[in-house]
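Enquirer: Sequence:
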Amino acid sequence: MTVSWAYIYEHPGSDPVADRVVLDRDGQRTYLVPVPDPAMAPAVAVDLLAEGVALIELCGGFALAAAARVAEAVGGRVPVGHVTFAVDSVRGATHYGELFEADPSQPG
Numbered sequence: 004m005t006v007s008w009a010y011i012y013e014h015p016g017s018d019p020v021a022d023r024v025v026l027d028r029d030g031q032r033t034y035l036v037p038v039p040d041p042a043m044a045p046a047v048a049v050d051l052l053a054e055g056v057a058l059i060e061l062c063g064g065f066a067l068a069a070a071a072r073v074a075e076a077v078g079g080r081v082p083v084g085h086v087t088f089a090v091d092s093v094r095g096a097t098h099y100g101e102l103f104e105a106d107p108s109q110p111g
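In this note's numbering, the protein residues as written are 4 to 111.
If you are wondering where the hints come from, they were derived from the structure by calculation, not from laboratory data. Just so you know, even glycine gets a beta-carbon here, dropped at the ideal spot from N, CA and C. Honestly, I wouldn't trust all of these hints.
[Unchecked claim] Pair ranges (Cβ atoms, derived):
1) Ala57 <-> His14: 16 to 26 Å
2) Ala105 <-> Leu67: 20 to 30 Å
3) Leu35 <-> Ala71: 14 to 24 Å
4) Asp22 <-> Leu58: 34 to 44 Å
5) Ala46 <-> Met4: 20 to 30 Å
6) Glu101 <-> Asp40: 12 to 22 Å
7) Val86 <-> Val6: 25 to 35 Å
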């Protein structure tokens, strides 16, 4: 039996289908799925349900409201997790966010 789960994250200019990575080993299938905008995440999550995903994790960069929209879209059919940052990593996450907002085309 294969257990499938997905991690959805924001990546400007990405295509959630063409740019996804699927790791399939030893009974676990992991989908790494970029979305160019968090507004696309609910539809992507619903599509992943059709592929048999049993758990969805969202990048900590998603706002709480965007995470709530994903959870609403899947309607309780699978759990939706939202990565959070430990207190000691907040400063680094904030710095990354500032760099991203200044110029998302440049690596941090």
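Enquirer: Run every hint past the structure and note whether it holds.
Expert: We went through each hint and held it up to the structure:
no.	hint	in the structure
1	Ala57 <-> His14: 16 to 26 Å	holds, 24 Å
2	Ala105 <-> Leu67: 20 to 30 Å	holds, 23 Å
3	Leu35 <-> Ala71: 14 to 24 Å	holds, 22 Å
4	Asp22 <-> Leu58: 34 to 44 Å	violated, 21 Å
5	Ala46 <-> Met4: 20 to 30 Å	holds, 28 Å
6	Glu101 <-> Asp40: 12 to 22 Å	holds, 19 Å
7	Val86 <-> Val6: 25 to 35 Å	violated, 19 Å
The structure is inconsistent with the numbered hints 4 and 7, although it conforms to all the rest.
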